[in-house]
Amino acid sequence: MAESDWDTVTVLRKKGPTAAQAKSKQAILAAQRRGEDVETSKKCSGRLWGRVPFQTGSPVGLLPTLSFALALHDPGAAGQNKQHSVTKNTAKLDRETEELHHDRVPLEVGKAIQQGRQGQGLTQRDLATKINEKPQVIADYESGRAIPNNQVLGKIERAIGLKLRGKDIGKPIEKGPRAK
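When we follow my numbering, the leftmost residue of the sequence shown carries the number 1, and every step to the right adds one.
For the record, the hints were derived by calculation from the structure and aren't laboratory data.
Where is the CB? At the ideal position from N, CA and C, for every residue including glycine.
Each hint should be verified, as a subset may be incorrect.
For lysine-lysine, the following BS3-like pairs were computed, each having C-alpha atoms within a straight-line distance of at most 25 Å [what the hints assert, rightly or not]:
{"hint": "1", "residue 1": "Lys163", "residue 2": "Lys111"}
{"hint": "2", "residue 1": "Lys111", "residue 2": "Lys171"}
{"hint": "3", "residue 1": "Lys155", "residue 2": "Lys175"}
{"hint": "4", "residue 1": "Lys167", "residue 2": "Lys111"}
{"hint": "5", "residue 1": "Lys111", "residue 2": "Lys155"}
{"hint": "6", "residue 1": "Lys155", "residue 2": "Lys171"}
{"hint": "7", "residue 1": "Lys175", "residue 2": "Lys111"}
{"hint": "8", "residue 1": "Lys175", "residue 2": "Lys130"}
{"hint": "9", "residue 1": "Lys134", "residue 2": "Lys163"}
{"hint": "10", "residue 1": "Lys134", "residue 2": "Lys155"}
{"hint": "11", "residue 1": "Lys130", "residue 2": "Lys155"}
{"hint": "12", "residue 1": "Lys171", "residue 2": "Lys130"}
{"hint": "13", "residue 1": "Lys130", "residue 2": "Lys111"}
{"hint": "14", "residue 1": "Lys130", "residue 2": "Lys163"}
{"hint": "15", "residue 1": "Lys15", "residue 2": "Lys25"}
{"hint": "16", "residue 1": "Lys163", "residue 2": "Lys175"}
{"hint": "17", "residue 1": "Lys167", "residue 2": "Lys155"}
{"hint": "18", "residue 1": "Lys134", "residue 2": "Lys111"}
Pair by pair, the computed Cβ-Cβ distance ranges are [unchecked claim]:
{"hint": "19", "residue 1": "Arg104", "residue 2": "Lys25", "range": "50 to 56 Å"}
{"hint": "20", "residue 1": "Gln118", "residue 2": "Pro177", "range": "28 to 34 Å"}
{"hint": "21", "residue 1": "Arg34", "residue 2": "Asp7", "range": "27 to 33 Å"}
Given only the sequences and the hints, what does the whole structure look like? Please build it.
Okay, structure coming up:
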């Protein structure tokens with residue numbers, strides 16, 4: 001027991017600050033006060049823009065970073081999140097004055113669907129079940145809010161027996177022999 005002294009403590013290694021602690025504002029300010037060189041980098045949309053050593057007391061600390069950032073900018077960086085990146089066409093889209101929107105079902109078609117459905121004594125839910133669609137789809141077509149889908153229009157046409165596409169909207173479908 002004489003060899004080990006309980007009052008003496010030997011530290012074999014001391015852990016440095018973690019990455020999160022080293023990046024904190026307090027750690028950066030403390031390092032600058034001690035006179036150590038601090039390296040700063042700017043990131044934008046996941047891309048590294050510039051890495052410039054920051055000289056303590058330098059009034060122009062960010063100017064080299066911005067010019068260096070423009071030199072390092074790589075718009076074709078692979079594996080980056082492209083959702084939020086700015087493309088060349090953004091300015092072109094901003095200058096565009098035309099409003100783009102999807103075509104909707106004309107009210108004439110909606111009224112024809114409603115009249116044909118009521119003529120057969122069907123509710124919107126019954127018609128939707130008959131054509132394997134949701135009742136909201138029928139409501140959207142009748143009110144003119146739906147984006148036209150030829151497959152859905154064809155199923156409604158066959159279910160109510162009225163034409164909903166072309167020139168003869170609302171007229172009965174002529175059932176003739178199908179061509180093979």
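Status of each hint after checking the structure:
{"no.": "1", "hint": "Lys163 to Lys111", "verdict": "12 Å, holds"}
{"no.": "2", "hint": "Lys111 to Lys171", "verdict": "12 Å, holds"}
{"no.": "3", "hint": "Lys155 to Lys175", "verdict": "15 Å, holds"}
{"no.": "4", "hint": "Lys167 to Lys111", "verdict": "15 Å, holds"}
{"no.": "5", "hint": "Lys111 to Lys155", "verdict": "16 Å, holds"}
{"no.": "6", "hint": "Lys155 to Lys171", "verdict": "16 Å, holds"}
{"no.": "7", "hint": "Lys175 to Lys111", "verdict": "22 Å, holds"}
{"no.": "8", "hint": "Lys175 to Lys130", "verdict": "19 Å, holds"}
{"no.": "9", "hint": "Lys134 to Lys163", "verdict": "21 Å, holds"}
{"no.": "10", "hint": "Lys134 to Lys155", "verdict": "13 Å, holds"}
{"no.": "11", "hint": "Lys130 to Lys155", "verdict": "9 Å, holds"}
{"no.": "12", "hint": "Lys171 to Lys130", "verdict": "21 Å, holds"}
{"no.": "13", "hint": "Lys130 to Lys111", "verdict": "19 Å, holds"}
{"no.": "14", "hint": "Lys130 to Lys163", "verdict": "17 Å, holds"}
{"no.": "15", "hint": "Lys15 to Lys25", "verdict": "20 Å, holds"}
{"no.": "16", "hint": "Lys163 to Lys175", "verdict": "11 Å, holds"}
{"no.": "17", "hint": "Lys167 to Lys155", "verdict": "18 Å, holds"}
{"no.": "18", "hint": "Lys134 to Lys111", "verdict": "19 Å, holds"}
{"no.": "19", "hint": "Arg104 to Lys25: 50 to 56 Å", "verdict": "54 Å, holds"}
{"no.": "20", "hint": "Gln118 to Pro177: 28 to 34 Å", "verdict": "30 Å, holds"}
{"no.": "21", "hint": "Arg34 to Asp7: 27 to 33 Å", "verdict": "32 Å, holds"}
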